[in-house]
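Residue numbers (our numbering), protein chains in the order written: chain V, 606 to 842; chain F, 1101 to 1379.
If you're looking for bench data, these hints aren't it; they were derived computationally from the structure.
Just so it is clear, the structure is predicted and the values come from calculations on it, not from any experiment.
Be careful, since some hints might not be right.
Anything over 12 Å on all C-beta distances counts as not near chain V; from chain F, calculated [as the list claims (entries may be wrong)]: (1) ALA1145; (2) LEU1179; (3) THR1195; (4) ILE1272.
What follows is a set of in silico ranges between Cβ atoms, one per label pair, in the way DEER data are often shown [claimed, not checked]: (5) SER731(V) to ALA1323(F): 58 to 68 Å; (6) GLY809(V) to GLY1199(F): 31 to 41 Å; (7) SER731(V) to LEU1187(F): 54 to 64 Å; (8) GLY758(V) to LEU1353(F): 40 to 50 Å; (9) GLY758(V) to VAL1196(F): 44 to 54 Å; (10) SER660(V) to LEU1213(F): 22 to 32 Å.
Glycine included, C-beta positions come from ideal geometry on N, C-alpha and C.
Residues per chain, in single letters:
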Amino acid sequence: MSARVRGLTREFAGRRVLDGLDLTIDDGEFVALLGRSGSGKSTLLRLLAGLDDTSDAGVSGAVDVPGSVAVAFQEPRLLPWRSVRDNVALGLHRDLGTETPGTVADRALDEVGLTPRAGAWPLTLSGGEAQRASLARALVREPELLLLDEPFGALDALTRITMHTLVLDLWRRHRPGVLLVTHDVDEALLLADRVLVLADGRIGAEHLPGDRPRDPERLVALRRTVLDELGVAEDAT
Amino acid sequence: MSSSTLDRASGERAAAPPPAAARRRGPDLRRWISPVALVLLWQLASSTGLLAEDELASPLRVLTAAVDVTLTGELPEGLAVSLGRVLVGVALGLTVGVGLGLLSGLSRWGGLLVDPPVQMLRTLPHLALVPLFILWFGVGELPKVLLVALGVLFPMYLNVHAGVRGVDPKLIEAASVSGFTPAERLRHVVLPGAMPSTLTGLRLALGVAWLSIVVAETTAADAGLGYMIMNAREFLRTDVIVVGLAVYALLGLSTDALVRRLERTVLAWRPAGPAGADR
Chain V
606 MSARVRGLTR EFAGRRVLDG LDLTIDDGEF VALLGRSGSG KSTLLRLLAG LDDTSDAGVS
666 GAVDVPGSVA VAFQEPRLLP WRSVRDNVAL GLHRDLGTET PGTVADRALD EVGLTPRAGA
726 WPLTLSGGEA QRASLARALV REPELLLLDE PFGALDALTR ITMHTLVLDL WRRHRPGVLL
786 VTHDVDEALL LADRVLVLAD GRIGAEHLPG DRPRDPERLV ALRRTVLDEL GVAEDAT
Chain F
1101 MSSSTLDRAS GERAAAPPPA AARRRGPDLR RWISPVALVL LWQLASSTGL LAEDELASPL
1161 RVLTAAVDVT LTGELPEGLA VSLGRVLVGV ALGLTVGVGL GLLSGLSRWG GLLVDPPVQM
1221 LRTLPHLALV PLFILWFGVG ELPKVLLVAL GVLFPMYLNV HAGVRGVDPK LIEAASVSGF
1281 TPAERLRHVV LPGAMPSTLT GLRLALGVAW LSIVVAETTA ADAGLGYMIM NAREFLRTDV
1341 IVVGLAVYAL LGLSTDALVR RLERTVLAWR PAGPAGADR
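Using the sequences and the hints, build the whole thing.
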């Protein structure tokens, strides 16, 4: 089991953002979480990432996550004063055997196609390159649970398509459990084994888009349903 | 069960975009036209007697005097003494300023205990302490060094404190979820993040250091550049006074250039070069 959440409630100053939420992510399962702005998607992700204090008075319920969790954020959040390679290698404390953090980082950078920029300063990277570096940083930690917080949200449409392929590729090779938080219905249906819709502080709906490659007609129908659940009226003209 | 916790990021700090690329051009010689013209005008005014010798010596007389005081050893000795005072004072002020800045920036209690008194004392113009310093420490080296140190302390403290507190909380979060230990967070995230502000503080501090030594040495001294200037005043040697002033200016300029070079090396990661590096 990559993650298990039971009866999770999170309140901020009396406002209930999560309300008795249950969620299970199996080993190696790719789960996408959709929700409107302010639906608590990021709150849930931060609790899973350990960035929100579970002992806070506003939190109740059980959050079980594996020891190795990695996160890729919407902004790449690279340290601008360290090279791309250092950004991937720093803070790596797992047992590397005979390898050094540097060689492990180089291999990860190769996997995301960033080898030529390994020595570059992060502020000189394009948006897509920086996001690749951020993915490499998450991957070298060999996470059992990989949390993706709208990692493609700030990218242009073409770069986003490339990144979708890359993420699927990396997921197939490393098989972490994945929770992808996103606004993008198409992205969720395309990438995930299971698509969840967060509403009123808990999982409101669950969809299985089926085997890959996806059946286009089924995707169109699912898209319709999910948009309805999100309260988006789409003009079908 | 994950147990790593962190203060929730309060408020979004937009990453400041780097300033527009500072273009490096060769020196534009046209910029020298007016300064050279001014010096020529000055020389002309002196030669025609418009400018009396005991008010302001001519550029040529100043040059001759510069050679003279160098050969007699008056200038090198004074320079060595003044430089020594500034070095010791700056070292002292840097140590205390950076130390207090880190203490109050990094720890909640440090901030609560250190920040209020430092903020109160900083409103005091430190040069106004000269009379008190002379009463306490006499006219020896100690009051001069302490005056420099005090002048350095406040800009360093303020900028280190602001630098540490201003580190992007999102970077700290990313470091935490990437498995950084607290020591690694400090070393790789917080301290480098505070570096740009710290170097700005250093530049300000060195400017204040030279100002402080001028005031300290021209008030009461028996050695140093200021002493040379005050001595020259006794004999109406305006040429030597101007030499002293020029040396002070050159010293200030060169320390500033030194810090700018340091900025270019340490902050090489900033794509457009350090902000404000080009005047």
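I'd like to know which numbered hints this structure contradicts. Please list them from smallest to largest.
4, 6, 7
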